[in-house]
Every structure is written in C-alpha cells, then in structure tokens.
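A.B. asks: Listed here are the chains, written in short residue letters.
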Amino acid sequence: MTIETLSMAKAINNGLRAAMKADEKVILMGEDIGPLGGVFRVTEGLHAEFGGNRVLDTPLAESGIVGTAIGLAMRGYRPVCEIQFDGFIFPAFDQIVTQLAKLTARHQGHQTFPVVIRVPFGGHIGAVEHHQESPEAYFAHTAGLRVISPSNPHDAYWMIQEAIASNDPIMFFEPKSRYWPKGEVDLSASGSPTYSSRVVREGTGVTLVAYGPMVSMALQAAELAAEEGTSIEVIDLRSLSPIDYAPVVASVQKTGRLVVASEAPGNVSIASEVAATLAERAFYSLEAPVLRVSGFDTPFPPAKLEANYLPDVDRILEAVDRSLAY
Amino acid sequence: MSYTDATIQVLSPEGVIVENDTTAPYLPLVEKLSDAELQEMHRQMVVIRRFDIEAGNLQRQGHLGIWIPSLGQEAAQVGSATASRPQDHIFPTYREHVVGRMRGVDPVDTLRIWRGLTHGAWDPKVVNNFHLYAVVLGTQTLHATGYAMGLTFDGATGTGTPDTDAAVIAYLGDGASSQGDVSEALVFAASYQAPILFFLQNNHWAISVPVTRQSRTPLYLRPSGFGIPGVQIDGNDVLASYAVTRENLEETRAGGGPRFIEALTYRMGAHTTSDDPTKYRDDAELDFWTRHDPIARFEAFLRAKGAGDDFFDSLTQEGEDLAADVRARTLALPVPSSSAMFEHVYSEAHTLMQEQAAWLAAYEASFEGGAA
Ligand SMILES: Cc1ncc(C[n+]2csc(CCOP(=O)(O)OP(=O)(O)O)c2C)c(N)n1
Ligand SMILES: [Mg+2]
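Taken in order, these protein sequences are the chains called A and B. According to the working numbering, the first sequence is numbered sequentially starting from -2. According to the working numbering, the second sequence is numbered sequentially starting from 406.
Derived from the structure by calculation, the hints contain no laboratory data. Each statement offered as a hint is correct.
Only pairs whose alpha carbons sit at most 25 Å apart, straight line, appear in this in silico SDA-like list of lysine to any residue:
id	chain 1	residue 1	chain 2	residue 2
1	A	Lys22	A	Asp165
2	A	Lys301	B	Ser752
3	B	Lys684	A	Trp177
4	A	Lys179	A	Glu199
5	A	Lys301	B	Asp514
6	A	Lys99	A	His138
7	B	Lys684	A	Pro32
8	A	Lys301	B	Ala762
9	A	Lys22	A	Asn50
10	A	Lys301	B	Tyr768
11	B	Lys530	B	Phe558
12	A	Lys301	B	Leu537
13	A	Lys301	B	Leu765
14	B	Lys684	B	Met673
15	A	Lys301	B	Leu757
16	B	Lys684	A	Tyr176
17	A	Lys179	A	Leu221
18	A	Lys179	A	Val310
19	B	Lys530	B	Val750
20	A	Lys301	B	Asn462
21	A	Lys251	A	Arg195
22	B	Lys684	A	Asn50
23	A	Lys301	B	Arg500
24	A	Lys179	A	Leu216
25	A	Lys301	A	Pro132
26	B	Lys710	B	Thr427
27	B	Lys530	B	Glu655
28	A	Lys301	B	Pro529
29	B	Lys710	B	Gln444
30	A	Lys301	B	Val750
31	B	Lys684	A	Ala45
32	A	Lys22	A	Asn164
33	A	Lys301	B	Gln466
34	A	Lys301	B	Ile458
35	B	Lys710	B	Asn425
Residues on chain A that point at chain B, a partial pick, calculated with CB under 7 Å:
id	residue
36	Asp54
37	Gly123
38	Pro298
Bear in mind the structure is a predicted one, so any value in this text is a computation, not a measurement. The beta carbon of each residue, even a glycine, is placed where N, CA and C say it ideally should be.
With the rest of the complex left out, here is chain B (with noise of 0.2 Å):
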C-alpha cells in the first residue's frame, strides 16, 4: 500500500526470495543463515504472536490494566534483534516486547508494567543492554545517542573488531519523528558521528492519525537532511529486517556514522486495549495488510525450504504453553508495597521521603485490627 520504488524486499510477499540489484548486496547475508537460524526467527514470531494474544485476553479479563499490542510488527523486529550483536545496547518504545525477550527479558516482566506493578520491569544490564521501555514520545532517541556518543569517547566502537565493536539501536514510531527530539537526536547523531542506528516501525498510525500527517515524503528520506543515510524496508519481511539492520549496524559500528531505517508494516491491531481503530480506519487497509502478514510469508518461505508441519505444530505448542506459563505467572505476580513509592526516588538518603514513608507506614498502620 505504501511500498515505494526505494522498498527493499527480500523475501516476496510469496515467500519466494527477490533477485535483483537492490537485494544483491544483502542475498549474501541471508544465504549465510543456517535452517536452524532462519527456524529461530519464525519461532521467535510466532511464540511472540501467541503471547501477544494472551496478554490481550489477561488485559480483556481485567488482569492487565493495558495492553499495547505489537501484532503484524514481528518481521520487523524479530529481524532487526537478531542482526544485533550482543555487545549492542537496544532503546525500545513500548512495544518492541519480542526485541525484549530476545535480549532475555521475561515476558511476564513486560506485563508487570502493564499490571500496574512497577514503571521499569527489568534491569537492562542483566537483559543484554535493553533498556527501559519509553512511555514520552521520541524521548529515547536522544538517550540512544549519548550512549551511542559514549561508546566513541570510550573506544568501545569503530576499532575494526565487529566482535567486541558496540553500536546502539534506537527504536521509534512513524508518530514519534514528528517530535522535536528525534531531530535533536539526529542532529547530534550526525555530529558526532556516533554508531546509532535508528529503526523507525512506520505502522502506519499514530493512535488515530496517519503517517501522512507526520510526513509528507517517505520518511526514510527524512534523515538524508541531516547527513545521515537512509533506506526504506518492507517491514513485514523479516530476511530484509534482519540482512538491511545487519549491514547497516556493522557499518556504524565499524565507524561509518548513524543510520537510519524505515520498516513499514503495520499496526494489525488497536494502538492499545483501550482504542478503537474502527472509528478512523477501513477494512481495505486492514485487507491488504492482512495479505502480508509476515508469519505468512516466512511460513512459505520455509516450507518451500522443506520445513515440515512437525517443525510448525511444535511452534504452535510453544505458544500455547508460553501463554498458559505467562498467565499463571502473571496472576500470581505480587503487590508492591505502599512502601516502595519512597524506594529508588533517590539514590542517597532523602528526608522527604524518609518523613512521608514514615508518616504512611504509621497511618496505614493505624488502620490494622481496627478496621470497620
């Protein structure tokens, strides 16, 4: 629907791979994947569709207070977590959930914050350099270049050695590029010169307001002012994710500067449990996406590759006991204390928060045995 000329597509919506001289430079890395790894991005898809299901039925039982769907958007990200390298520092929006599990969160940790149990469920040292979700719009981008500046000023990035070279990703929406932010991000990105990719998921929506109103020109071509380069993906394929992220962050990380990509694919469902997409979208739209729905696709891929309903019924298996293990979990997830609001707010002792902890604990206290 919004695929252009620049598009690159590795993997036809057919599931059959595109020779061409746009995807010549990339065939090479694609062919370099073993069934075993091109198996393991279709799990990581489909096992994270399954969850993504669960967690909107916990949400619609009243378990979660929201959910935030990333159904459609697998491709584009499952490809682009598994060009990362693990050395790589990732800063996600709020829905990059499959992106998480990769880099090790677990995905009950996701829904704690869904739950209402804590703003910040993991600590991104122990998840392999994912960082917090970012709830304020664009924020992160500029969080991902100083980091991205760091690894410069420190040498841990552009000495030759892609193995211990760290690069950073920084993950946005089509909505978000519209935010001051991001072009302060891009702007110091470029003048540092600073081993970032950015990697916009163009959904084609913000809430209710269409891509169209963020940008007028693809949005790839955004970046191009501010000397930064950037492509166009389709996506919904997760080899051109994955094989596009991959060349770009090894050129970043070998001291090349940032780079920009713009996935599009498309929000299948609500923005979260609590819009109603039918009041400002068509089924058309939805028909067409639904037609390149990107499980689809590498589910043919793979079949014509041989994989057979063995491989396919066991990821099918997988989702479903993730799913029953994710909703035990998550309803036997404990309350916080009232105590932990004073916890953290500051990292060296506070006397507003040692008098209003004391003061609660007191009052709450005040309350045990006397109740009406």
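Bound-form chain A, shown alone (with noise of 0.2 Å):
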C-alpha cells in the first residue's frame, strides 16, 4: 500500500497525470487549462510536462471543445475536456447529448468515442450565477452517457483514470467545494469497482444515499445523529449513470427508511429516480416514505443565499427525523 494525503485536486491532476503517462493519446482540452493550470490548478504542471499538443489551451468555445474532441476520438484520441464551470457546459450540451451520446449506437458499435468532459460542480464557493450549479441530471437523463462523481480524493485518483480508460462518453462531476481537503489515496489499489455505490459509513436507523459535494456533509450529518443515539448508514452513489441499486436495497432492507440528499434541485432528480426505484425494488421493507433532501426549484441563488438555498447537516437531520416520526 502506498498512501499519500492529497487534495482532490492535486489527486485528479496526479491521475490525470498517470494516465498520460500510460497512454500517449490522451490529450486534455479547454479554457485556461494550459499554462495557468486551469482555474481550479487541476491540470497545473501538466502544460510544462507534456506539451502544448497534449494539454490544449483553446479557443473559448465549450461546443468547439466538445465537438472536436469527438473528431479526435474518431482519429484514435482520447480527449479529457474541462469545461470552466458547471453553468458553461450548456453550448456544448448540443454536441454533448445529439452526438456524442448517440454516436456509438449509431456507428453500430464500429467506432467507439472515448471522451471525458470534466466538470467542476456544485455550489459552496459563494460565487457568481452559473458558477455553482448541479447539472447532473440532464445527462444522467441522456442515454449513451455514463456519469460519475467522486466524493474523495482516492477515489477522484482512481476514477479519472477509469473513465480515461473506458471506452464510453463519461460526464466526470467534480464537487469543486472538495477540491481542497485534503485525503488518504492509496495509489497502489481502488479497491472499488467502477460504477459501484459504496456504504461509507455503517448504520442501523435509516440509510442516506448522497454523491459528490453531499457525502462529506452526509457522514457530518451521521456523527451527529449518533450522538443523539440515531444510527445512519450512509451510501456514496460514485455513479450517477448507472447507478448500483444492491448496496442501497441491501440497507434499506436492514433500516427501512431512505433519505436522498443532493445539492441538485429535487425536481426530476438523481434523488427522485433513486426515490422511485427503491419504490419499486425495497417496498416491502420500506417504513417511511423515501424522502428527498436537495436545492431548491430555482435558479442557483446570488452567494449571499446560497446557505439558505443548499441543503446542510440540519436539513438532512430534519428529514432523518421525518422518516423516524413514521
């Protein structure tokens, strides 16, 4: 085992970097990630190591990124885009969900596009508008695309470099709030499977499923439930699409009562189909309805009420306490 304490930042970069060392096809795209190392540092040094030709600083145009790197992955590339902020993904969303979602079924399995885009998310950062949001759904809603975020810097360490690796379209949302705490990677292993959810917290009382920015405050959440003798078990969904339903059915059958949180409006949710599908597949051991925890329907808010907006550990324990009333 080797372990290092990392920021998921520096962690991403390290996988980044890994990956092209191990293949020299993998090429990074987008705005400022050359010499300036991105706005959030994560392709820091990787300009200096690999060159101008593998780290493109370029033009300022989301859907000119996205649309070339699928050229580039038809030419044998494997394109790693950053797209600046989450609110900046929408010129590339035609390129993103007409083509490159599409293109692999409709090449019959002839060409396959390898392409990650990697998008910062999330709020916390008390930020401008379309600096903060959670656009997770819409592409967890378009087939063809797989969608996963990283809650920890091991696993933004090892994920990167799986869905580098994979030869699907992946939407990588990073949670930039956790860009910078620090964490234990163990570069010698994962020790988790790709496209797996994962119990990181045991539990008795109620299970918690959240993902990306919303796992750190879920398991804040757990340790001060315990405190008050209330036993949650929290679930870290890693995929979004697909998502793995057998740990979350598996703890619903020991607790009976499911909370979802995300920072994501609830409306037509990564919370509302984990909701319904445990709807369907735990019913019988369910004794509270699931319960969702999340933005709310509006625009992401002016910073100053971002608190007021984003779900926190009194929001979660107040639906914690909502299904235990059941």
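Using the hints, put the two chains back together into the complex; each one sits in its own frame.
C.D. replies: What follows is the structure in structure tokens.
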C-alpha cells in the first residue's frame, strides 16, 4: 500500500498525469488549462510536462471543445475535456446530447467515443451566477452517457483514470467545494469496482444516500445523529449513470428508511430516480416514505443566499427525523 | 503592440490630434465636441478608475465576493458610450461599468452583483436601456441582434430621423468572439440588416489565453465574411472610440445594416480578483500598455487645450468622494430575505415555488428562539 495525503484537485491532477503517461493518445482540452493550470489548478504543471499538443489551451468555445474532441476520438485519441464551470457546459449541450451520446449506437459498434468531460460542479464557493450549479441530471437522463462523481481524493484519483480508460463517453462531475480538503489516497489500488456505489458509514436506523459534494455533509450528519442515538448508514453513489442499486436496496432492507440528499434541485433529479427505484425494489421493506433533501427548484441564488438554498446538515437531520417519525 | 496599419488613431499616444486620410472623416465629429463635452469624457474615465480601485479594495477586504476590473479600458468604453443616443439599447458583457454609469446605473448597484446580493441589479428601462450584465460569454450578442431586428420590424429605426431612430450596441470580448453564438449573431444581424453595432474590446486576453489563440487574423476582419463592415481602432484613444462609434452607429441607425468595431485595448489588471496574471503574461507587454494609458493620453490633450490643475484636481476629488460614498453604501446594503429566491422565477403563480417557499419559511421559523 502506498498512501499519500492529497487534495482532490491534486489527486485528479495526479490521475490525469498517470493516464497521460500510460497512453500518449490521452490529451487534455479546455479553457485556461495550459500555463495557468485551469482556474482550479487541476491541470497545473501538465502543460509544462506534456506540452501544448497534449494539453490544449483551446479557443473559448465549449461546443468547439466537445465537437472537436469527438473528431479526435474518431482519430484514435482519448480527449479529456475540461468545462470551466458547470454553468458553461450548455454551449456544448448539443454536441454532448445529440452527438457524443448517440454516436456509439449510430456506428453500430464500429467506432467508440472515449471522451471524458470533466465538470467542476456544485456550490459552497460563493461565486456569481452560472458558477455553482448541479446539472448532472440532464446528462444522466441522456442515454449513451455515463455519469460519475467522486466525493473524496482517493476515489477522484482512481475514477478519473477509470473514466479515461473507458471506451464510453463519461461525464465526470467534480465537486468543487471538495477540491481543497485533503484525504488519504491509496496509490496501489482503487478498492471499488468502477460504477459501484459504496457504504461509507454503517448504520441501522436510516439509510442516507448522497453523492459528490453531499457525501461529506451526509457523514457529518451521521456523526451528529449518532451523538443523539440515531444510527445512519451513509451510501456514496459514486456513479449516477448507471446507479449501482444493490448496496442501497440491501441497506434499506436493513433500516426500512431512506433519505436521499443532493445539492441539485429535487424536481426530476438523481434523488427522484433513487426514490422511485427504491419504491419499486424495496417496497415491502420501507417503513416511511422516501424523502429527498435537495436544492430548491429555483435558479441557484446569489452568493449571500446560497446557505439558505443549499441543503446542510440541519436539513438532512430534519428529514431523518421526519423519516423516523413514521 | 498589436496595432496594425489599419488601426484608426485620432489622438496620438502623446495626446496630439492625428491628421491624415484615415482620420479625415472623423475629425469633423471631434471638432464638434465642445470643451465641456471633452472634459466630461475625461471626468468619466478618471472617476470610474477611482471607483474601480475602490471596488478592488472592497473585494480584498472581504466585502465583495469578486471584482472584475475595467482598468485600462476606460477610453474604449467612455468613447463608445458617449457616441450612443438616449434611445439606443446597450447590451454589455460584465465589464462595462462606466457605460452603465453613463446610462444611469448607480455603481453601488453594480457592486450588488459582485457582493452576491442579486444576479441582475437594475431594470434596463430605468437606466436608459442599459441591459443586464451577461456572464455566459457571447450570449448577449444574439439578444442584442434580436432586439435590433425588432426595432426594424417596428419601424423604430432607419426612418432618417436620428433623434428618434434607435440602434443597438452589443459589447463583447476577444475571447467571446470564438463562441458559436457570436457567429450566429453576425449571421442574423447581416441577414436581417439589423441596426446593430458590435463593439469588441480586444483587451488581448481571455483570462490566461492570448487573443492569438482566438484568431490568426485581426478580429476586425472577421465580420467581413459575414457581409458586415469592420474597422479597428485604438481603443485607448477616447476620441477614436467616440468618433468611429458615432459614425458607425449613425450609419446603422440610418438603415445601413450592422457594423463592427474592434477596439484595441488592454486589461491592465487581473481578469478578476480571483485571477493571477503573473502566471501567464510578461512585464514587457504591461509596460507597453502602461505607456499607452488612455487617461494620461487624454489628459495631455486637454492640458494642451488649456485645461488646468483646477480641473484635474476637481476630478481627483470627485473620485475620492465617489469612492467613499460607494464604500459606505456598499457596506450598508441589506441582504435579501431567503424568500427572495422564489420570487420572479416565474411571472405567474407556480405551485412548486409556493410549496417550497412555505416550507423554507416554516423551517427557518422553527429555529427562531430555539436556536442553541
Ligand atoms: C460560455 C462561457 N464559458 C466560459 C466562461 C468563463 N469565462 C469568463 S470570462 C472568460 C474570458 C473572457 O474573455 P473575453 O471574451 O476576452 O472578455 P474579457 O474578460 O477579456 O473582457 C472566461 C473563459 C464564461 N463566462 N462563459
Ligand atoms: Mg479579453
């Protein structure tokens, strides 16, 4: 075991470097990812190390980035695109949804599209409009895309490499509020299969499902609840399309209660999908309705209101209490 | 540095009027400006720069989440704004602070955005058609084009009466020029011969990416392929910015179809207060543009025309007063209540908004008094 303590930003940086060393067809594309190292410094040092033909500081056009990545993939490259902020993915939405997502099927298996699209997402950074959104549901709703989101540096290090190794297009959502806290990364093994969800804290009273930025908050909530005698089992989905339901179903069979937490608005969301699926698959185990704790169904508000908008530990525990009250 | 043979310069960097064939069409427009009008342009540039510095200070002291300086771009902005008429519509990016001020935006309202209090701090109808800032790059060029198309459909332009015929100015950056939306705006503007002037401030950088990554030819040439005449000006020359904008705006107002100006200028500061330009650009470039400072140039010109210390001192004082006033009023800005999130998301009642607003109000009330 080789353990290093890294921030998530650095862990992804190391994961990208490892993938680029392993395969010279891996190239990075994005705005300001060259000498600046990206606005979050995730690609820091890579331009100096691999040069401008492997780390492309692109013209300022997201549709162009993803559209040309598709062509590069046809040519045998494995492009990893960085979208600067969640809210700026939409100029590329057409290329992602009408092309990238469908081209594998259209080619009837004769051509693969190993494109990774990295998207820093979510709130808690007090930024201006379009910089704190959680658009993952649009992509999980789109057939042909895999959607994954690490919650900690260890997973980030491994999941970015797994994403690059995959022959399918992958939306890789990076929780930007978790870029800086450090955590242990085991450089020798991932420990979790790709696209698997994972129990990150065992408990008996309530199952709490989260992903990306909400996992650390769910763990905090479980810690606080434990002090008051409530045992919460926390599950990190890690993969949002496909979702690995087995650990969730098993947990709900044990606890009988399920709360799903996300920063994203709750309406037609990943949380909705988990709730619906568990209603189908664990109906006889449920002792309370599945509850969602999410951002409100409004535009992400100005920074001074983000604390009112984003679900926090208290809002999670309020839902846990409501679930237990049944 | 990136000036070309085509760059229109009315005032030399030394502050002397340039008289040649290129400037000849513009000189009469400049000559028509009274001393008071010339001094007003200078006043706007000097005072906004002081405001800009104060906003940067407020950010560093934790009172703004971010600040987007326009330092160095004052002449491009003041000149073009001076050339607009009251009935014109202005679609800005996020950096045209002085244009907004000249149209009637209270600078403190600008800061409400960067303090994280609102996404849209003014009503364009109240501030003389200065539309909201647009953070998504290039998007406003399409909105501006559509607005201009509407002016044509309504017969509100091109009737030969410049005092009432309206036109549109769309500001954009060199980086934004690469966005597909901008090309589409040029297509629509040309196709419908809309009364719109695209005013591109080439400040040479899009965060850390140099303009050479966006275009291998000068950007003023790009619109010609769309059938739109383009010109390049020295954007640090407030008189060129004024006169060339005026000329082009009057042409498009008169029904001549869209126009395009590339103003060569420089982002003297960081992209925003979150940015560190020392990571990607060198001192030589900054030196060049420091020597081409738009305010120093115009001051030299005005002094040669007889403006004295009294005038310049009064502007310094006005800047200080504005800075103090902005600081005091910014710190006193109220934070909206959490219910504001649900307001105006729709213009008509929507059950999700009602349910969630009610839930949040009850939830927040449950903490009152009982907080640990
Ligand atoms: C669609 C989109 N992509 C990315 C961004 C992030 N971003 C904000 S400003 C900027 C650079 C813009 O450069 P330019 O158009 O030259 O304008 P300037 O900031 O220099 O005034 C970038 C990449 C954005 N706001 N919108
Ligand atoms: Mg620029």
